[in-house]
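Colleague: Sequence:
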Amino acid sequence: MKVISIIGYHKAGKTTLVERLVKELLKHGSVGTIKHTREEIVPQAGDTERHLNAGAGVTIAVTPTRSVKIVKNAGLNDALAQLSRDGMDFAVVEGFKESGLPKIAIGDVEAPNIVARVDANASGEELARIAMAQPDQVTLEHLVAKIKRSPRYKEAGAIGTFTGVVREIAGDERTEALEFESFDEVARERIKAIEDDLKKREGILEALIYHKTGRIKAGEDIVYIVILSGHRQELFPALKDAIERVKAEVPIWKKEFTTGGDFWVHDIH
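Numbered per the UniProt record's numbering, the sequence shown spans residues 1 to 269.
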């Protein structure tokens, strides 16, 4: 999921640019939006509020035309996680100026991580080019949601996943973090080739693989593999072969940060 925030001063035209950007991004995939607002989405009264006051962590108000999910004390990261679980390809955020998200700024407003400045007349095509240039933010839930949208999902009898994590303790050594570097273009090509080969196997309907780069702390996720298959018998061998091929064929290098020192490791996992 690619994430971009549009920020600007009050009445600068942020919502208009969000509308243009959403319409353009819909040509390339599914879009979810998040708006920073100080207004109450629903009145703090009535039965819905009573549900929350009774202790419900989440309540969903449903009308004939739309629904509103209300979560107590949720923030921007929770909202982004929800869009990821919903399988959105793009998340367009209006506001949240102080966040670390990549931002398109209208005019001279200042904020961290501004990747482009535009005026209120910027076209949807210009905004979409900026949004699509941002790095992907991928979760396992996002990949599972995406694979469920496969045209072949009706043929499926199983979804299998593999998640590689940073092992904190191995023997007497404690790992604080790992750092991964790759030849990005070559790595993407190799991963795509592995996905394509898996899909040629009997019973394998779809395959998605994602490997993170950069610094990853102990206990955090490194790599995701999601496979859609007709039956469980084909699924588990394909998962095993997929991770072994990622380790052997994708040009990714690992540096390990431990309590005993820092060093590069040949085996990436």
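Honestly, the hints are just simulated from the structure, not real lab data. C-beta atoms are modelled at their ideal positions from N, C-alpha and C, and glycine is treated no differently. Take the hints with a grain of salt, since some may be wrong.
Computed Cβ-Cβ distance ranges for the label pairs, DEER-style [what the hints assert, rightly or not]:
| hint | residue 1 | residue 2 | range |
| --- | --- | --- | --- |
| 1 | 202 | 115 | 15 to 25 Å |
| 2 | 255 | 23 | 17 to 27 Å |
| 3 | 200 | 68 | 43 to 53 Å |
| 4 | 151 | 249 | 41 to 51 Å |
| 5 | 155 | 188 | 38 to 48 Å |
| 6 | 173 | 151 | 15 to 25 Å |
| 7 | 56 | 248 | 46 to 56 Å |
Colleague: Each hint needs a verdict: does it hold in this structure or not?
Modeller: Now for the hints, and whether the structure bears them out:
Residue 202 and residue 115 have their C-beta atoms about 45 Å apart, which leaves the hinted 15 to 25 Å range violated. Taken as a hint, the range 17 to 27 Å is violated for the pair residue 255 and residue 23, whose Cβ atoms sit roughly 43 Å apart. Roughly 44 Å separates the CB atoms of residue 200 and residue 68, a value that falls within the hinted 43 to 53 Å. At roughly 27 Å, the beta carbons of residue 151 and residue 249 sit outside the given window of 41 to 51 Å.
Look at residue 155 against residue 188: about 27 Å separates their beta carbons, and that is not inside 38 to 48 Å. Between residue 173 and residue 151 the CB atoms are about 46 Å apart, so this pair departs from the stated range of 15 to 25 Å. Range check, residue 56 to residue 248: about 49 Å between beta-carbon atoms, so the 46 to 56 Å window is met.
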